[in-house]
Every structure is written in C-alpha cells, then in structure tokens.
Amino acid sequence: MKTLIVSLAIVLAGCSTTVPVARKFPEAPEVLKQKCESLKLIEGDKVAITEMLKVIVHNYSLYHECSTKVEGWNEWYEAQKKIFNEVK
Amino acid sequence: MWIISILPEWAFHLILTMGIIGTVAGFALGMIPAIRQYKLPIQVISLLVLSLGLYLEGGLADYKTWEARVKEMEAKVAVAEEKAKTVNVEVQEKIVTQTKVIREKGKDIIKYIDKEVIKTEEVIKYVENCPVPKAIIDIHNDAAILNKAAEPKDKK
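These protein sequences, in sequence, are chains A and D.
Residue numbers 264 to 351, in the numbering used here, belong to the letters of the first sequence in order.
Residue numbers 8 to 163, in the numbering used here, belong to the letters of the second sequence in order.
One chain only, chain D, in its complex shape (with noise of 0.2 angstroms):
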C-alpha cells in the first residue's frame, strides 16, 4: 500500500482512535444536547474515519507480515547462495582433480609405451613388417571426427 511508504505508524493509529472516539460519540453519546444537534454528520463522518481507520491498520498490519516474510525468504536465500557456492567449490575441486589424473594416468600410459612396449622384440618385429594400412587410419580418423557430420552446416 503507497500510503504506508508517506504517512508514518502512529498516523494509521491515530485514524482509527479519532474513527472509534467519534462513532462512540455519534452512536452512545447521541443524548448530550451538544452532540445531538450534529448526530447525523458525527456518526457518518466518525464511520467513514473509522473505516478508513481500520482500512489503514488492516494494510499496516499486512504489510508487516509481507515484510516480515520478506526478511525471512532473504535469510533462506542468502543460505542457499552460501550452499551454492559451496557446491560449485566441491564440484570444481571434484572435476579438476579427476581430469588431472586421467591426463596423467594417459601420459602414463603413453610413456610406457614409448619405454616398454616399443622395446618387445615381439613388437619391434610387428612395427618393422606390418605398418598400420591407410585404409585402417582413414576409418580411426573419419569416427575422430564423426562429431562434424552432426554440427549445423553454417558452423562449418
């Protein structure tokens, strides 16, 4: 409500015991001679102040529970961002680590290779006879690049 933001508390209050003074006064004290003269005006008036009255503090007080379950969703929220943090923490550790000895356990390998394997007689014998037929790389390298077929042709 616009008007919470201008007017302050103790206004909304104010309205509604200005609202009720006056319906006592229209409605209970109607015998005095001094208010019986202005009952009519009284009473509409003191209704229509007591109304707004208590139009007012029924916002006032709504606003209070919004604002207040607003401060409690910002707290959750605020842990939460805390969690997500802390999980984009574990998983990049988690993701680093892991590529880190795949790279290193694939070099391993590789280098085994070039030391050991390279040095079989049994394999010297195969490398020195038998080179791999082109046809043979053609096929390794065209399913390498079997991911090109399937992107969009203008990325091409």
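Chain A with its partners taken away, still in its complex shape (with noise of 0.2 angstroms):
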C-alpha cells in the first residue's frame, strides 16, 4: 500500500507548455520597398556647365529621396521592434 502511495505520488508530477500563441513580424510599407533610382548620367562630349549642373542637382534629389527610404526603415523598424517587445 506505501509503494503504491509513493508511485502515485510520482505519477502526479505537472506538465509545463508555452503559450502556443502565434506571430508574425508585420509586413513593411510598399514605398520603403521600392529601390533606390540610378543616378543620372552627363550625355554627350561638349556639354555647358548649366547641363552639368541640372544632371547634378537631379542626382542630389534622387540622394535625398534614397535617404529618406533608409530613415524610413530605420524609423519603421524601431517602432515595430517596441511594438513587438510590449507583447509579453
């Protein structure tokens, strides 16, 4: 009788599981997607500076339009991480 008492004191150990809860890490914005546009090329041998200039400036915009996606992502990416942190 104490064996069978001791056993089934054994047997009645608990079982552990986690939280079968499932997630998924958010899809980003399509606009942080799209690549990054090729610079601008000079286009023919004797070119005024004034040509020059207006390929550099379009160059500078296409710069600045690329930074913006890259602090996009990086704004982006520091939300969704807390976001995703909070949920304990």
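Quick caveat, the hints were computed from the structure, so don't treat them as lab data.
Accuracy of the hints is not assured; some may be wrong.
[Unchecked claim] Calculated lysine to aspartate or glutamate pairs in the EDC-like style (CA-CA distance at most 20 angstroms, straight line): (1) D/Lys107 to D/Glu123; (2) D/Lys112 to A/Glu328; (3) A/Lys351 to D/Glu81; (4) A/Lys351 to D/Glu100; (5) D/Lys90 to A/Glu290; (6) A/Lys303 to D/Glu74; (7) D/Lys126 to A/Glu314; (8) D/Lys90 to A/Glu293; (9) D/Lys90 to A/Glu338; (10) A/Lys345 to D/Glu81; (11) A/Lys351 to D/Glu111; (12) D/Lys78 to A/Glu338; (13) D/Lys118 to A/Glu314; (14) D/Lys101 to D/Glu111; (15) A/Lys332 to D/Glu16; (16) D/Lys71 to D/Glu16; (17) A/Lys287 to D/Glu88; (18) A/Lys298 to D/Glu16; (19) A/Lys309 to D/Glu88; (20) D/Lys92 to A/Glu341; (21) A/Lys332 to D/Glu111; (22) D/Lys118 to A/Glu328; (23) D/Lys107 to A/Glu314; (24) D/Lys92 to A/Glu314; (25) D/Lys107 to A/Glu328; (26) D/Lys132 to A/Glu314; (27) A/Lys296 to D/Glu100; (28) D/Lys101 to A/Glu338.
[Claimed, not checked] Chain D stretches covered by chain A per the calculated footprint, using a threshold of three residues with CB under 8 angstroms from any CB of chain A: (29) 33-44; (30) 127-139.
Note that the Cβ used here is the ideal one computed from N, Cα and C, for glycine as well.
With the hints as a guide, bring the two chains together.
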C-alpha cells in the first residue's frame, strides 16, 4: 500500500507548456521596399555647365529621396520592434 | 492534455468525487462488516481513482490557466497588430510626403536654372566659351555608377 501511495505521488507530477500564440512580424510599407533609382549620367561630349548642373541637381534629389527611405526603414524598424517587444 | 478534449468537464469532477468517496469508505468505514470484507480492494481501487481524479483535475486547472493566458496573449497580439498597422500608415505617409517635397524642390531648382540662371550674362558667356571638358564628364559619370563596382559579378 505504501509503495502504491509513493508511486502515485511521483506519477502525479505536473506538466508545463508554452503559450501557443503564433505571431508574425509586420510587413514593411511598399514605399520602403522600392529600390533607389540609379543616378543620372551626363550625356554628350560637349556639354554646357548648366546642363551638367541640372544633372547634378537631379542626382542630389535622388540621393535625398533614397536617404529618406533609409531613415524611414530605421524609424519603421524601431517602432515595430518596440511594439513587438511590448507583448509579453 | 489530450483527454481534456475527449471527456466533458463534469467527468473529471465525477472521477475525483468517486475517488474521495471510495477512499473515505475504504479507510474510515472499514468497521462496517459489508465494507470490511472488501476493504483492501476498495482501498486500492479508490486510491487509484482518487489519484487519477486529482491528476485530471490538476490537468484541467492547468489547461484552464493556459487557455486564459492564450486569450490574454491573443488580445495583446491583436492590439500590437493594430499598432503596427498604424505605424506602417504613418511611415508610408511620411515617406511619400517627403519624397514628393524633395522631387518638387529638385524640379523647381532645375526650372530656375532653365529660366533664370541660363539668362544671366556671366553664365551665357561661360556657356558659350567653356564647354565642360569630356574628362570631367567622364569622371562625373564614373562616380554616378560607383555602386555597380560593388555588385556581384554574375548580376552584371
């Protein structure tokens, strides 16, 4: 009888499980996934300095557009990471 | 525990109650002649039933605790998903607006070059007499495609 009581006490050990809630990391906005445009080249052999200046201005615009996207990625990631880590 | 999905909740309570009654009968009511005769089998069986009942009740309680935690987590995840969507919209709108402003400003500068700068006497003289040397154009163009050098060769 004693053996039976002891063995039953051992068998009555509890179990543990993890919380089965699937989570998915959010999809990034489409605008961030677009590739940065290639820089414009100066065409022609004899080019006026004003034409060259226009290409340079255009390329500066492209750089700033691209840098906006990179900053957007950082901002998006930091915000999403914070939200993701808040769920515990 | 798989058995929880098969048996109804009351079955667990019934098993435990039967185990308790049997154990009490086997140990405390042993002096009654009708029970005394089957004392040992009653004790063994009721202890087994009591143990099973306790185990199942424990499992049920554990299951309910986890179920509550799952619901709590699901609610938190739903809130987080909503927040994530809001952040996506905010970031998207911000980038679209900034890109639009940058593009417009760039176009404005180019328009200004075409309309104003090009008409300046000093610039007219310079444009007429000094075209940009090809070497400088080549260097500019090489710099503009610097990134191609960093791309993997099989992509080229």
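Open item on the list: Could you work out which of the previously given hints the structure breaks and list their numbers from low to high?
Closed with: Those not satisfied are hints 1, 4, 6, 11, 12, 15, 18, 19, 23, 24 and 29.
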